[in-house]
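Enquirer: Whenever a hint applies, use it, and build me the whole structure from the sequences.
Residue strings, one per chain:
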Amino acid sequence: MMIINNKEITDDLFQPAELEKGSEDISRPTITYWQEVWKRFRKNKAAFTGLILISIILVLAIFGPYANEHGYDEQNLARANLPPKIPVLEQFSWLGLDGTDIQGVDRYKENGITEYFWFGTDNLGRDLWTRVWEGTRISLYIAFLAAIIDLIIGVAYGGISAYYGGKVDNIMQRIVEILVGIPNLIVIILLILVLQPGIVSITLAMVITGWVGMARIVRGQILKLKEQEFVLASKTLGSKDRRLIWKHLIPNTMGPIIITTMFTIPTAIFTEAFLSFIGLGLQPPTASLGTLINDGYKLLRIYPHMLVFPSIIISLIMISFNLIGDGLRDALDPKMRK
Amino acid sequence: MDKILDVKNLQVSFDTYAGEVKAVRGVSFHLNKGETLAIVGESGSGKSVTSKSLMKLIPNPPGRITGGEIIFEGKNLVNYTEKQMQKIRGSDISMIFQDPMTSLNPTMTVGKQIMESIIKHQKLPKKQAKEKAIELLEMVGIINAHKRLTAYPHQFSGGMRQRVVIAMAISCNPKVLIADEPTTALDVTIQAQILELLKNLQKKMGTSIIFITHDLGVVANIADRVAVMYAGKIVEIGKVDEIFYNPQHPYTWGLLGAMPNLNEDAEELITIPGSPPNLLNPPIGDAFANRNKYAMKIDYQIEPPMFKVSDTHYAATWLLHEKSPKVLPPDALKKHRQVHSKERKKERLSKKRVKREKLLEIKNLKQYFSSGSNVVKAVDGISFEIFKGETFGLVGESGCGKSTTGRTIIRLYHATEGEVLYNNVNIHDKKSSSESQKLNQKIQMIFQDPYSSLNPRQTVADIIAEGMDIHGLAAGKKERLEKVYELLETVGLNREHANRYPHEFSGGQRQRIGIARALAVEPEFIIADEPISALDVSIQAQVVNLMKKLQKEKGLTYLFIAHDLSMVKYISDRIGVMYKGRIVELAESEELYQNPLHPYTRSLLSAIPLPDPETEKTRKRVKFDEKFVWNGNGEEPVLREVKEGHWVSCTEQEFHDYKKHFDAI
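Here the protein sequences come in this chain order: A and B. Counting with our numbering, you get residues 1 to 338 for the letters of the first sequence. Counting with our numbering, you get residues 1001 to 1665 for the letters of the second sequence.
Derived by calculation from the structure, the hints in this document are not laboratory data. One or more hints might be untrue.
Just some of the chain B residues that point at chain A, by a computed CB distance under 10 Å [as the list claims (entries may be wrong)]:
hint : residue
1    : Gln1011
2    : Ala1295
3    : Ile1302
4    : Arg1407
5    : Gln1437
6    : Ile1443
7    : Asp1449
8    : Gln1458
9    : Ile1463
10   : Asp1469
11   : Tyr1501
Restraint ranges, calculated between C-beta atoms of paired labels, are given here [to be verified]:
hint : chain 1 : residue 1 : chain 2 : residue 2 : range
12   : A       : Met336    : B       : Ala1475   : 52 to 58 Å
13   : A       : Glu177    : B       : Lys1430   : 35 to 41 Å
14   : A       : Ile171    : B       : Lys1659   : 55 to 61 Å
Don't be surprised by glycine CBs; every beta carbon is placed ideally from N, CA and C.
Expert: Written as C-alpha cells, this is what we have:
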C-alpha cells in the first residue's frame, strides 16, 4: 500500500468527487458606497484621529471665544503679559500652567488678579484664549475658502480644458501659464494698493491664483482618462458630455483631487499666516493665527506662551488635514475594498 | 546528455500586505546542453517568477527564494551573493524580456548598450568590442550593422528592437538563455522571424534556451521539451511530442483543447471552467482539482506526486495512479492530429451560400489623423459589407487600421471620407439626437482591454445598467436590477456579482461584464475590438464560446477584429485581411485559409504557429515582400472579385493571373 504524507491511499479516494463550488459564489452583504467609504475611513486610525482633532478645533473655534467674558480686542494694561493659568492643572507646576513666568514669579499674585486666563494675556492685556480661537476661525475660513475655490474653479477649469481639448485647451492653458507666471506676492501687493489689507484682499488674491495647481492636475488626469476604454464604451452607449464628466471622469480623478485639496488647505493657512506675519495680511485688532505668532515671536524670550499656543494650533490643523486627506483618498477608492 | 542547469524543489514567495504569496511551490526540472525547454502556463502560474529566480532577479523585498536549489555547473546559485550573481548574469546566463519597447535604454545608442556587457564581462578593449557588436548585429539579421550601431532604440521597429535585445543577450556566448515571452508583444510575422532567429543562433552557438510562453503554437515550433506550469508547480513535463500527442494531465488537455485548429471547425472549444487559485492560500491537495472535470476525492486531500509516464515524461495527476479509473483525454484533442482528405476540404468549401440581407455596408471609408503637417492615413479607402447574422472577421497586424475601422463605424471618430450605411442609412450624416440615440442602441462595442474598459469606480450593476439608464430601458429600480441579474446569468456570472467592483474580477470575468454591458441595450450589431487578445488561452475559449452562443440565441451580427488568425478563422464566416489601411483580401473564412491569394495573406497564414510539433517542423514560412505594396507608381491595385465571394486587391494583370489559377483547378 502506498503511503504519502502519512495518509493511506485507499480505493474510495479514487471515487469521482463532486465539483466543489469555487470561491466565486461567496456573496457579501449589500451596503451602499458611502457606508463603505465610512467603514474604510474609520479603519484608518491616523485619518480618524485627524478628523477628531479637526472637529475639536472647529468646535473650539466656534464656541471658544464665548467661554469667558473677555472680548478679543478688550485691552487692559493692568493685566498685560500674564502667563497661562488653568484651574486644576495649576497644581502641576511642571506644566507651566500655574501663572508663574519664566523667572518663577507668580504674576497673578503680584498683580492681584483673581481671574484665570487659560492661555494668558498679550502685551496689551488681551485674553489670548479668545484671540487664539478668533484667529483659528480666520484660519479655518481661509482653509475652507481655499478648498472650495480649488474644487469649484480648479476642477471645472481643468476638466473643461482637458475634456474639450484642442483649441479650447490651448487657450485655457495659456491663461493659466500667465497666472502662474505672476508671483502670488505681487498679486496681493497690487490688490492691497487698491483695497485695504485684510480678509477681503486675501480672499480675492486666492480666488485669482489659488486654483491653478488643481486645474493642472485635473487636466492631466482627465486627458489620460479620456482615452480609456471605459469612457469610449460609455460614448458608444450614447452618453452625453454631462454623464461622461460626472459619472466617469470626475469620480476617477477623485484621488488626486482630494490630495491636492488637502495640500492646498495647509498651504493657504500658511500663506495667510505668512502675509499677516510680514504685515500684508490682517490688521490689528483682528487676530489670526499668523498675527498672533507674529506678536508672540517678538516676546519669545520673555513670554513664550504667546507663541506656543497659536503655533500648536496651526500645527495641529495642518497635520490633521493632511491625515484626513490621505485617509479620504483611500476610503473613496473602491479598489481598497477587501 | 549533459545537464547544464538543475533546479530542485525551488520555492519562491512574495510578502504582501495580505500575507505570503507562494508564487512558486516546489519546481524541479533540468536543462540539457543545447536544448530548448519551453515553460507554458497561464498568467499567474509562476512561469515568469521561476525564470527570474534562476537569475536571482526577483525584487527583494517583497520576493524571496524560500527553498530549493539551482545547480548551475555544479554550483548552487541560491547561495550566491549579489556580487557573484552579477558576474554570472549576462555572461553565463542571460535573459530576453517580453517588451522590446522597454527593455532598451532610450537614451543610449544601441551600439553602446551592446558593447557595455562585452566590455564588462569579456574585458575587451573598446575597438574590439565595437567590432564584436557589429558582428552580433549582423548575426541577428540587422542590415547595415555598422551604421545602425549609432542609432537610438526609437529608430528601430519592435521586431528590430527585439533583435537588438537578443544580440545583447548573446553577446557573451551565454550557456543558458532565458527568453521570457520574447514574442508576445510582436506581430505573428515578426514572431516567426524571431523564432527562426533564435533557432539558428542555438544551432550556431549551442546555447540552451529556456523559453517561457503561453502560446502552445510557439512551443510546438521551438521546444525540444515542455514543462506545463499551473499554480506555481510543474504539472507535466516531457518531450514536445509527448506533451502534444500523449498529454496526461487534465490541465494540459484543457490548454490544448482551448486552441482552435486551423484545419477543423469544431463546434465548441474545450474550456477550463473557473480561474486559477489564489496563491495566498493555495488549496490543499491538487490545485487544479476544482477546475478539473475528472477530479476525485483524493485530489482534494493529497497533492499528487510526479508519476512517471516514460523516461522523459512525468505528470502530476492522480489519474495516473494504478487505482484511478481509466480516463481518456477528450476526443477533441485528437483533432490536432487529423489530416484531412481533399474531399472533406472541398465539402466544407462548397457550403451553401444563402442570399442574405445586408446589414452594414461600408463604401470607400477613409480615416485620416492629422497632427500639424503630418497626416496618418489610418484607414485608406476600404469597402466591404456585413450581412445580417454573420460574423465578419477583420485581421491584420498592429497599426494596419483595423481598430480604427471599428471605431469609425461606431462613430467614435468622424470619418474623413466615405459612407457607412447601416440598414441603408448613412450613420455619419447629421442626425437628430433621438435618431443617433437609436443607432447607439443598435450598434455596440466590446473592447480589448478588460482592465481599462470598466470604470473602476462603479459597481458591476451600474456598469451593466449604464446603457439602460441612458436609453431609459428600465422602468424603476427593481426592473433595472432584475435585468442586470438576467444579463449576469446570460454571460455566466452570478447575481451576487452585481454589487462588486471590477477589480475583484479576473480578466475573463471582466470581459464577460463588458459583453453584458453591450447586450444590455439589446443591440443588433456588435463590434468586438480584439476582445480576447488580453486573455489567457483557456479564458479566450470561454469568451469565444459565449460569443458564439449569444449569436445563436439573439441573432447578433459581429464584426470581430483581431490579430489572432486562428481564433478569427474559428469564429468568423467571412474574413477581411487588412494591410496598411487597406483591405488586401476578402473571402469566406474557409476559402481564405485554403486558397490565400494575396502575398500578404499568404505570409500571414504561414506565420501562425500551430500547436502541432510535426507540422511545425516541416512548415515553410512565406516571406512577404514589401514590393507587393502599391507605392503610388503604376497601376493602383483595387479589390477585384476573382471568384464568387473572394476578393483580392490586385492590378489588372494580376487579376487575370488569379483567374487563370482558379480556372486551372
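Enquirer: Per the hint of 35 to 41 Å, is the separation of the Cβ atoms of A:Glu177 and B:Lys1430 within bounds?
Expert: About 37 Å separates the Cβ atoms of A:Glu177 and B:Lys1430, which means 35 to 41 Å holds.
Enquirer: A closest beta-carbon separation below 10 Å is what the hint needs, so does B:Ile1302 meet it against chain A?
Expert: holds, 6 Å
Enquirer: Taking the beta carbons of A:Met336 and B:Ala1475, is their distance inside 52 to 58 Å?
Expert: For A:Met336 and B:Ala1475 the Cβ distance comes to about 35 Å; the hint is violated.
Enquirer: How about B:Ala1295: closest beta carbon in chain A under 10 Å, or not?
Expert: Given a least distance of 5 Å, the restraint on B:Ala1295 holds.
Enquirer: Once the shortest beta carbon distance from B:Gln1437 to chain A is found, is it less than 10 Å?
Expert: Constraint on B:Gln1437 satisfied, holds at 5 Å.
Enquirer: Measuring from the C-beta of B:Asp1449 to each C-beta in chain A, is the shortest one below 10 Å?
Expert: Check passed: Cβ of B:Asp1449 comes within 6 Å of chain A, closer than 10 Å.
Enquirer: Per the CB criterion, is B:Ile1463 less than 10 Å away from chain A?
Expert: Cβ of B:Ile1463 sits 8 Å from chain A, so the hint holds.
Enquirer: Is the interface hint satisfied for B:Gln1011? The criterion is a beta-carbon contact with chain A at less than 10 Å.
Expert: Violated, because the Cβ-Cβ distance from B:Gln1011 to chain A comes to roughly 17 Å (cut-off 10 Å).
Enquirer: Please check whether A:Ile171 and B:Lys1659 have a Cβ separation lying inside 55 to 61 Å.
Expert: Holds: the Cβ-Cβ distance is about 59 Å, inside 55 to 61 Å.
Enquirer: Would you check whether B:Arg1407 satisfies its interface hint, that is, whether its CB is within less than 10 Å of any CB in chain A?
Expert: holds, 8 Å
Enquirer: Using 10 Å as the Cβ threshold, decide whether B:Tyr1501 counts as touching chain A.
Expert: Interface hint status for B:Tyr1501: holds (4 Å vs cutoff 10 Å).
Enquirer: Can the hint on B:Gln1458 be confirmed by a CB-to-CB distance to chain A that is less than 10 Å?
Expert: holds, 8 Å
Hint compliance for this structure: hints 1, 12 are not met, and every other hint is.
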